[in-house]
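2 protein chains.
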Amino acid sequence: MTQPTFIELCKKLIGSDHVITDPAKMLPFVTDYRKRFTGKALAAVFPGHTRQVADVVKLCKLHKVPIVPQSGNTGLVLGSVPDESGKAIVLSLKRMNRIREIDANNNTMTVEAGCILDHVHTAAGQANLMFPLTLASSGSCMIGGNLGANAGGTSVLRYGTARDLCLGLEVVTADGDVWNGLYKLRKNNTGYDLRDLFIGSEGTLGIITAAVLKLFPRPKAQQTAFAAVKSPEDALKLLSLAQRFCGDSLTAFELISRYSLELVTRHFPEILSPLPFTYPWYVLLELSDAESDEHAARQFEKLLEHAIEEGVISDAAIAQTLGQSRTMWQLRENISAAQSKEGKNIKHDIAVPTSLFGEFIETADRLLEQYFPGCRMVTFGHLGDGSLHYNVAAPKGVSDESFLTHQAEINRIVYDCVNQFKGVISAEHGLGALKHVENASYKSGSENRLMKTLKKALDPDNLMNPGKVLP
Amino acid sequence: MTQPTFIELCKKLIGSDHVITDPAKMLPFVTDYRKRFTGKALAAVFPGHTRQVADVVKLCKLHKVPIVPQSGNTGLVLGSVPDESGKAIVLSLKRMNRIREIDANNNTMTVEAGCILDHVHTAAGQANLMFPLTLASSGSCMIGGNLGANAGGTSVLRYGTARDLCLGLEVVTADGDVWNGLYKLRKNNTGYDLRDLFIGSEGTLGIITAAVLKLFPRPKAQQTAFAAVKSPEDALKLLSLAQRFCGDSLTAFELISRYSLELVTRHFPEILSPLPFTYPWYVLLELSDAESDEHAARQFEKLLEHAIEEGVISDAAIAQTLGQSRTMWQLRENISAAQSKEGKNIKHDIAVPTSLFGEFIETADRLLEQYFPGCRMVTFGHLGDGSLHYNVAAPKGVSDESFLTHQAEINRIVYDCVNQFKGVISAEHGLGALKHVENASYKSGSENRLMKTLKKALDPDNLMNPGKVLP
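From first to last, the protein sequence lines are chains A and B.
Take the first sequence: its letter number 79 is residue 79 in my numbering, and every next letter is one higher.
One gets my numbering by counting positions in the second sequence from 1 and adding 1000 to each.
No lab work stands behind these hints, which were simulated from the structure alone.
Since the model is a prediction, treat every value here as computed from it, not as a measurement.
The beta-carbon is built from N, C-alpha and C at its ideal position, and this holds for glycine as well.
One or more hints might be untrue.
[Unchecked claim] Covered stretches of chain B (in silico footprint by chain A; criterion: 3 or more residues with CB under 8 Å from a CB of chain A, positions within the stretch not fixed):
(1) 1065 to 1075
(2) 1180 to 1191
[Stated by the list, open to error] In the EDC-like style, the derived pairs of lysine to aspartate or glutamate whose C-alpha atoms are separated by at most 20 Å in a straight line are:
(3) A:Lys302 x B:Glu1101
(4) B:Lys1422 x A:Asp103
(5) A:Lys422 x B:Glu1101
(6) A:Lys87 x A:Asp175
(7) B:Lys1443 x A:Asp177
(8) A:Lys452 x B:Asp1177
(9) A:Lys456 x B:Glu1447
(10) B:Lys1456 x A:Asp103
(11) B:Lys1347 x A:Asp365
[What the hints assert, rightly or not] Listed below are several chain A residues computed to face chain B (Cβ distance under 10 Å; list not exhaustive):
(12) Pro66
(13) Ile99
(14) Asn107
(15) Leu157
(16) Gly200
(17) Thr204
(18) Phe216
(19) Ala290
(20) Glu305
(21) Ser340
(22) Gly343
(23) Pro373
(24) Leu431
(25) Thr453
(26) Leu454
Same shape as in the complex, but just chain A:
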């Protein structure tokens, strides 16, 4: 009698309906979000609960089959798709989409990895609470991936990254053990911080199957303002003023370069700039207020008047209606879409110490201009928390195709500069299979060694998302 194959055993474990091997049907699960890469897989498997995830992991361990954990598959660094070998399975968590519990009096929610971020927002709202993680892909990204990649977004300034919004985890380890670390506690000093080790490890140390998320009271009021500044340095002065005037009410502080704004108004002509003239740089500010719209507006007025008097800003507008506020946010949120309409560019998701931002932008801009005269910088991002989207587009008249052949050189210029300013080459997107080699080249020997030691200890067979994070 022949031994049942791995696939047959998989089907036995979780039901044959939940194991796909047809390459056409697997396509969405082996292709990355931006459709730049398509890998191959032995199968895509869809366990329905934690026990089944553990069973599949044990089976994979026995058969030495690598596992690519996947939830929303909205990552930007090829972290959730398999390579081209066809040896791995994609383990999709999308069926595990239950909200297990909302504990309003504890300000927590326990959810499974396959919960779509928007659904989490809705459920929190129904309990008159809020889950602050805010991402462009919130309609399709899932909590498992948000935590696996330690997602950032526009609310990090006040609420932190996904890491800061998670109190506990349930994880299936590389040997198919289930670690129930679903603590609902804000303080817990009973051993090593396993939670934060799994968060941000992009599925290379274990599979996050559920999490306890922190919820917050919903602010009574939100106000948005748009200010013009002469330079990133002045934007930083405004940030400092805003933190002093508004304290923790300041919930967003986004930098937008003139060219970034122009891209949006050109490709989305219905979105109008709130300011009558053009300026080199803009800042979008948001206040979340526990009192009232009036109070938030007064706070903004005091801040912006002071900033104008001090010569920190050139002009500013406070949104008077929800519509105006939405327009201001659309200017920020449509930069990526406007870029795509304009053509291709070379994207960087970087962080440097906030205090060095101005100098970094000046230095990197100058170097790029020196080597690629006329290249156009799409510079925008979360200045308030020290991270930036620093994208480089072809000079006018140069085709995207010929410009993109310089990607490696341009990355090198930008990343060397980031490194010189004590920054990192991934602020919020992670490393995946796209940045892991470059990242290792900038890390110290001791940091690379520590990471490898941990990987080897927790995944000795190298079956958990191999080829990601570490080269």
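Chain A is fixed; fit chain B onto it per the hints.
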């Protein structure tokens, strides 16, 4: 020729002035803060900079000498003193007390492990900023220990524990490597979270030698209030109201039982209760306001008026002067001292989900009363972040000595109850050599295995603070 001894080599590395072997002189370094335990050491060594720490660690590795890292030695769980074998050295970081940098525009400060917390506060204040970590021992505790034990304190509600206040670390690993992870970044998704693995590991995975700390703008105003409630449940209702009315301005929310308050007013008769009558429970609230004293006072008035109308509180007083505010805080801060004056008791530093606090206290009180009729509960703590000091004193007429013989049974009752309510037996003090065995008995097999795997991977010779954290 005889080989130089380990001690001679140590002296060569860091200077003979900085190696103590005289047992009398070593006494403060082998005795714990509460003077309940005195261990023995081969030597106490005092390296002056990171390179010297690394050199000592390498020497210890070669000679298989265990290392007990120590900074302020103010821990409460025997985490920073050696055992009685006399085989280990105490590696004190107290000479490494430099503030390496204050980057006010980045809201960060880079300090060495031997910096006293109060000095950090002062230096932050000089830059017109604030480092929020607030502990009773701030005059002698040091940053290395604060991070090693992930210290908590009274500002966790708004600012988090020591872990949340640290952006980067410098660590000497068990093989004497120096990991420079002194990132000054609020976002960094470039690999495993090594920082949080070392924070809270109580020196068992490596030695923290320096850290990048987060600083914050100083609030313009602080207001304190004292409210009386009927039950912990009502205190939780008040917490929920306060979070809705005051948002992030709420920076402290401390529960105090009637008996705890009576202990203070009995032993410190100069400290008067701000309320004319007595009540079963009290709450101390603090608001930190970015605007003004008047604004903070108005916020408090609105909150407390609403809470009285809703029947959530029985009475309340808002401090009208700095002196009144200080008195309210003294009532809270002198509970530990008042307990000591009253006699000995059995202390527990526990966390349960905030929503279950009332039920937990009721259940644990009832069980203790059942087995130890008349025992007196000193219950107080950081209700806002879900942690409590739940201390048990002898019934009237029973001597401390005879009562303390029941410590193991009482711990068992309390900890079983904590476990039943999904809590942990150390909220902020850590495990050290005092709670590690009990802790392991409440953890799942998979959590214990994961912790041991990490310890073995990062400290294969078991020389870093052996016998702490893990049994």
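Hint-by-hint comparison with the structure:
no., hint, result
1, 1065 to 1075, "violated (count 0)"
2, 1180 to 1191, "holds (count 11)"
3, A:Lys302 x B:Glu1101, "violated (32 Å)"
4, B:Lys1422 x A:Asp103, "holds (13 Å)"
5, A:Lys422 x B:Glu1101, "holds (14 Å)"
6, A:Lys87 x A:Asp175, "holds (19 Å)"
7, B:Lys1443 x A:Asp177, "holds (14 Å)"
8, A:Lys452 x B:Asp1177, "holds (15 Å)"
9, A:Lys456 x B:Glu1447, "holds (18 Å)"
10, B:Lys1456 x A:Asp103, "violated (37 Å)"
11, B:Lys1347 x A:Asp365, "violated (59 Å)"
12, Pro66, "violated (19 Å)"
13, Ile99, "violated (17 Å)"
14, Asn107, "holds (7 Å)"
15, Leu157, "holds (8 Å)"
16, Gly200, "holds (6 Å)"
17, Thr204, "holds (8 Å)"
18, Phe216, "holds (8 Å)"
19, Ala290, "holds (3 Å)"
20, Glu305, "violated (15 Å)"
21, Ser340, "violated (23 Å)"
22, Gly343, "violated (27 Å)"
23, Pro373, "violated (31 Å)"
24, Leu431, "holds (6 Å)"
25, Thr453, "holds (5 Å)"
26, Leu454, "holds (6 Å)"
The structure fails hints 1, 3, 10, 11, 12, 13, 20, 21, 22 and 23 (numbered hints given earlier, in ascending order).
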